[in-house]
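Novice: Listed here are the chains, written in short residue letters.
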Amino acid sequence: KAGVTQTPRYLIKTRGQQVTLSCSPISGHRSVSWYQQTPGQGLQFLFEYFSETQRNKGNFPGRFSGRQFSNSRSEMNVSTLELGDSALYLCASSITAKTNEKLFFGSGTQLSVL
Amino acid sequence: GENVEQHPSTLSVQEGDSAVIKCTYSDSASNYFPWYKQELGKGPQLIIDIRSNVGEKKDQRIAVTLNKTAKHFSLHITETQPEDSAVYFCAASNTDKLIFGTGTRLQVFP
Chain A
1 KAGVTQTPRY
11 LIKTRGQQVT
21 LSCSPISGHR
31 SVSWYQQTPG
41 QGLQFLFEYF
51 SETQRNKGNF
61 PGRFSGRQFS
71 NSRSEMNVST
81 LELGDSALYL
91 CASSITAKTN
101 EKLFFGSGTQ
111 LSVL
Chain B
1 GENVEQHPST
11 LSVQEGDSAV
21 IKCTYSDSAS
31 NYFPWYKQEL
41 GKGPQLIIDI
51 RSNVGEKKDQ
61 RIAVTLNKTA
71 KHFSLHITET
81 QPEDSAVYFC
91 AASNTDKLIF
101 GTGTRLQVFP
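Just so you know, the sequences run in chain order A and B. Per the numbering used here, residue 1 is the first one in the first sequence, and the count goes up by one each step. Per the numbering used here, residue 1 is the first one in the second sequence, and the count goes up by one each step.
Since the hints were made in silico from the structure, they are not lab data. Certain hints may be false.
[Unchecked claim] Straight-line distance between alpha carbons at most 27 angstroms, and here's what the computed DSSO-like set of lysine-lysine pairs gives:
| id | chain 1 | residue 1 | chain 2 | residue 2 |
| --- | --- | --- | --- | --- |
| 1 | B | K57 | A | K98 |
| 2 | B | K97 | A | K102 |
| 3 | B | K42 | A | K1 |
| 4 | B | K42 | A | K57 |
| 5 | A | K102 | B | K37 |
| 6 | B | K58 | A | K102 |
| 7 | A | K102 | B | K71 |
| 8 | A | K102 | B | K22 |
| 9 | A | K98 | B | K68 |
| 10 | B | K37 | A | K98 |
| 11 | B | K68 | A | K102 |
| 12 | A | K102 | B | K42 |
| 13 | B | K97 | B | K37 |
| 14 | B | K97 | A | K57 |
| 15 | B | K42 | A | K13 |
| 16 | B | K22 | A | K98 |
Next comes chain B alone, as it looks inside the complex:
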């Protein structure tokens, strides 16, 4: 079945710097790759997603890239702000299941 690995598990950056979180997946049939952000005391919330027919997608300060050949995708956050501090989860799905990575705790220091 599908397996999703996510790195790093924790990431600390200075405000204004960029942050990159990487995920790899095992099932070549996976075709949908969402990213969720979980703030303290809340449930995860979708922040951006990408489908397998697209290599890159941007939404203001966040972007996601997908390399289908290597089976990995990444989340890029530019000009980080303290409110970006949260746990980020990547996920991959085929037609059967949505499998999440183990999460990355991002801390942005002022």
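Looking at chain A on its own, in the form it has when it is part of the complex:
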């Protein structure tokens, strides 16, 4: 079974631009969560989607948004990029949306904002 696939692997943008990141979960997994990873801050929860509905959202500004499609694939979008948005963005999938379930992470998208 293929793992969680995130594209692109690396991305370089300039301030003010917008970016879209993609995540394909493991086949059969209906929940996708997104995390921002920065040095010293660990994994900060962005949002979670289950069956095309956003179930939970972290403490990030409205510039961060996401969606999930009927095939469970998910995208996240960051508009009006700021230097502080430079980070590794990880997506994780699981079978259900239960918080006590194992998460399967992708390798992430490394975003650099110049």
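For this one, chain A is given, so just place chain B on it according to the hints.
Specialist: Relative to the frame of chain A, chain B by itself:
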């Protein structure tokens, strides 16, 4: 809301020695405590987890202990090997959210 503190942020040990990473959580309703290992260039991977009705769990060289009264849990790695070098994250969840600690970078020197 839930807050998870993790210590130390970096840990260096000699091959064969033991390593201990500690986490504390704030929400007494938390009932699930997983540990994830992140190797360079990869996403985190679950290595062991414990639920609130259990005090200790072992899997070969790794073990996790949970003290619900004190609201802290720990990861123990015995007989460390160079391939144990990675960043380790603890996490705590209730029925609402899974919150991660800030990570511990473990370096095992041959």
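Novice: Would you mind marking each hint as holding or not holding in the structure?
Specialist: Outcome of the hint check:
Distance hint between K57/B and K98/A is fulfilled; the C-alpha atoms sit about 21 angstroms from each other, no more than 27 angstroms. A C-alpha spacing of about 13 angstroms is found between K97/B and K102/A, which places the hinted pair at or below 27 angstroms, so the restraint holds. Between the alpha carbons of K42/B and K1/A the distance comes to roughly 18 angstroms, so the proposed pair stays at or under 27 angstroms and holds. Restraint check for K42/B and K57/A: the C-alpha separation of about 24 angstroms stays at or below 27 angstroms, so the hint holds.
Between K102/A and K37/B the alpha-carbon distance is near 13 angstroms, which keeps this suggested pair within the 27 angstroms criterion. For the hint linking K58/B to K102/A, the alpha-carbon distance of about 17 angstroms falls within 27 angstroms, and the restraint holds. Straight-line distance between C-alpha atoms of K102/A and K71/B comes to about 21 angstroms, which keeps the hinted pair within the 27 angstroms bound. For the suggested pair K102/A and K22/B, the alpha carbons sit about 21 angstroms apart, so the restraint of at most 27 angstroms is met.
For the given pair, K98/A sits about 21 angstroms from K68/B by alpha-carbon distance, which is consistent with the 27 angstroms threshold. Distance check on the hinted pair: K37/B and K98/A sit about 21 angstroms apart at the alpha-carbon level, within 27 angstroms; holds. At most 27 angstroms may separate the alpha-carbon atoms for a hinted pair to count; K68/B and K102/A meet this at roughly 21 angstroms. Annotation: proposed proximity of K102/A to K42/B holds, straight-line Cα distance about 17 angstroms (limit 27 angstroms).
Simply put, K97/B and K37/B have alpha-carbon atoms about 20 angstroms apart, close enough for the 27 angstroms limit, and the pair holds. Proximity of K97/B to K57/A is assessed by CA-CA distance (about 9 angstroms); at most 27 angstroms being required, the pair is judged to hold. At most 27 angstroms may separate the alpha-carbon atoms for a hinted pair to count; K42/B and K13/A meet this at roughly 22 angstroms. Among the hinted pairs, K22/B with K98/A is consistent with the structure: their alpha-carbon atoms are about 25 angstroms apart, no more than 27 angstroms.
Hint compliance for this structure: no hint is broken.
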